[in-house]
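Participant: Note that the working numbering numbers the sequence shown so that position 60 is 841, with each residue one more than the last.
Calculated from the structure, these hints are not laboratory results.
A couple of the hints might just be wrong.
Calculated pairs, SDA-like style, for lysine to any residue (alpha carbon to alpha carbon, straight line, at most 25 Å) [as the list claims (entries may be wrong)]:
1. K850 <-> E880
2. K896 <-> S919
3. K883 <-> G845
4. K896 <-> V836
5. K850 <-> K883
6. K885 <-> S839
7. K850 <-> W894
8. K883 <-> S919
9. K885 <-> A870
10. K885 <-> S919
11. K850 <-> N887
12. K883 <-> L871
13. K883 <-> S841
14. K850 <-> T901
15. K883 <-> S902
16. K883 <-> R858
17. K850 <-> E888
18. K883 <-> E846
19. K885 <-> D859
20. K896 <-> T812
21. K850 <-> F827
22. K885 <-> G830
23. K885 <-> D867
24. K850 <-> L810
25. K885 <-> Y903
26. K850 <-> D874
Now the in silico label distances, taken between C-beta atoms and shown as ranges [unchecked claim]:
27. E847 <-> S919: 50 to 56 Å
28. E847 <-> E888: 30 to 36 Å
29. S841 <-> L810: 38 to 44 Å
30. Q829 <-> Q873: 26 to 32 Å
Don't be surprised by glycine CBs; every beta carbon is placed ideally from N, CA and C.
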Amino acid sequence: MSNKKPTTATPNTSLAFKKPFRPSRVSRLETSAHVLESTFKGKSFFSQGFIRWRVWGSWSNIVGEELAKHTEPVFHRDGCLSIWADTPALAQDLSFSSELLKQKINEFVESEWVKSLRITSYKKQSSVKKEMIKKLQSLF
């Protein structure tokens with residue numbers, strides 16, 4: 782003998798009240814990898830600072846070890862990168878090859894980040910990098 786209860790047939794009323802088809806909602810959440818990638822690729826508020834940090838930190842890879850000993854990037858605003866050179870003669874030489882230097886920097890950051898260069902031998906500007914490094918080191 783089976784313990785099953787007899788089933789009664791119920792009318793199918795679900796057809797009369799069927800909800801219209803709605804496509805499933807797309808989640809607006811992004812993975813952390815996507816968020817970081819967009820930060821680094823220039824889609825966020827932090828991208829300019831990150832690009833500047835990359836250029837400052839990789840300066841010797843961009844321009845070469847020998848030139849990096851005598852130059853450093855000191856400021857970037859509105860596409861203009863200021864570079865300090867340790868002698869006025871070197872600053873003048875760099876101004877003649879500024880197009881090549883812009884091309885190397887833009888290839889490194891994979892965008893047209895530098896539109897113009899300002900090359901100076903005025904020493905006061907170069908202290909900005911050292912101050913920035915000290916502030917970053919104090920955070921860690």
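Participant: Run every hint past the structure and note whether it holds.
Facilitator: Consistency of the hints with the structure:
For the suggested pair K850 and E880, the alpha carbons sit about 20 Å apart, so the restraint of at most 25 Å is met. As the CA atoms of K896 and S919 are separated by approximately 33 Å, the hinted pair breaks the 25 Å bound. Our distance criterion of 25 Å between C-alpha atoms is met by K883 and G845, whose separation comes to about 14 Å. For the suggested pair K896 and V836, the alpha carbons sit about 15 Å apart, so the restraint of at most 25 Å is met.
Between K850 and K883, the direct Cα distance comes to roughly 18 Å. Compliance with the 25 Å bound is thereby established for this hinted pair. For the given pair, K885 sits about 12 Å from S839 by alpha-carbon distance, which is consistent with the 25 Å threshold. At most 25 Å may separate the alpha-carbon atoms for a hinted pair to count; K850 and W894 meet this at roughly 23 Å. With a CA separation close to 32 Å, the supplied pair K883 and S919 exceeds the 25 Å bound.
Under the criterion of a C-alpha separation no larger than 25 Å, the hint pairing K885 with A870 is consistent with the structure, at around 21 Å. For the suggested pair K885 and S919, the alpha carbons sit about 32 Å apart, so the restraint of at most 25 Å is broken. Restraint check for K850 and N887: satisfied, since their Cα atoms lie roughly 21 Å apart, inside the 25 Å limit. Restraint check: the Cα-Cα separation between K883 and L871 comes to about 16 Å, which is no more than 25 Å; the hinted pair holds.
Taken as a hint, the K883 and S841 pair is honoured in the structure, with Cα atoms around 15 Å apart against an allowance of 25 Å. Of the supplied pair hints, the one linking K850 and T901 holds, its CA atoms being roughly 15 Å apart against a limit of 25 Å. Taking the CA atoms of K883 and S902, the gap is about 18 Å. The hint holds against a cut of 25 Å. For the hint pairing K883 with R858, the CA-to-CA distance comes to about 14 Å; that is within 25 Å, so the pair holds.
Distance check on the hinted pair: K850 and E888 sit about 21 Å apart at the alpha-carbon level, within 25 Å; holds. The suggested pairing of K883 with E846 holds, with an alpha-carbon distance near 17 Å, which does not exceed 25 Å. In summary, the hint linking K885 to D859 is supported, as the alpha carbons are separated by about 18 Å, within the 25 Å threshold. A distance of roughly 33 Å separates the Cα atoms of K896 and T812; the hinted pair therefore is violated under the 25 Å criterion.
Taking the CA atoms of K850 and F827, the gap is about 29 Å. The hint is violated against a cut of 25 Å. Note on K885 and G830: the hinted pairing holds, with a Cα-Cα distance of about 19 Å set against a maximum of 25 Å. Taking the CA atoms of K885 and D867, the gap is near 20 Å; set against the 25 Å cutoff, the hint holds. Between the alpha carbons of K850 and L810 the distance comes to roughly 45 Å, so the proposed pair goes past 25 Å and is violated.
The hinted pair formed by K885 and Y903 meets the criterion: a straight-line CA distance of about 23 Å does not exceed 25 Å. For the suggested pair K850 and D874, the alpha carbons sit about 15 Å apart, so the restraint of at most 25 Å is met. For E847 paired with S919, a C-beta distance near 31 Å fails the hint of 50 to 56 Å. A hinted range of 30 to 36 Å for the beta carbons of E847 and E888 is inconsistent with their spacing of about 19 Å.
Taking 38 to 44 Å as the suggested C-beta distance range, the pair S841 and L810 conforms, at roughly 40 Å. For Q829 and Q873, the hinted distance range of 26 to 32 Å is satisfied, since their beta carbons lie about 29 Å from each other.
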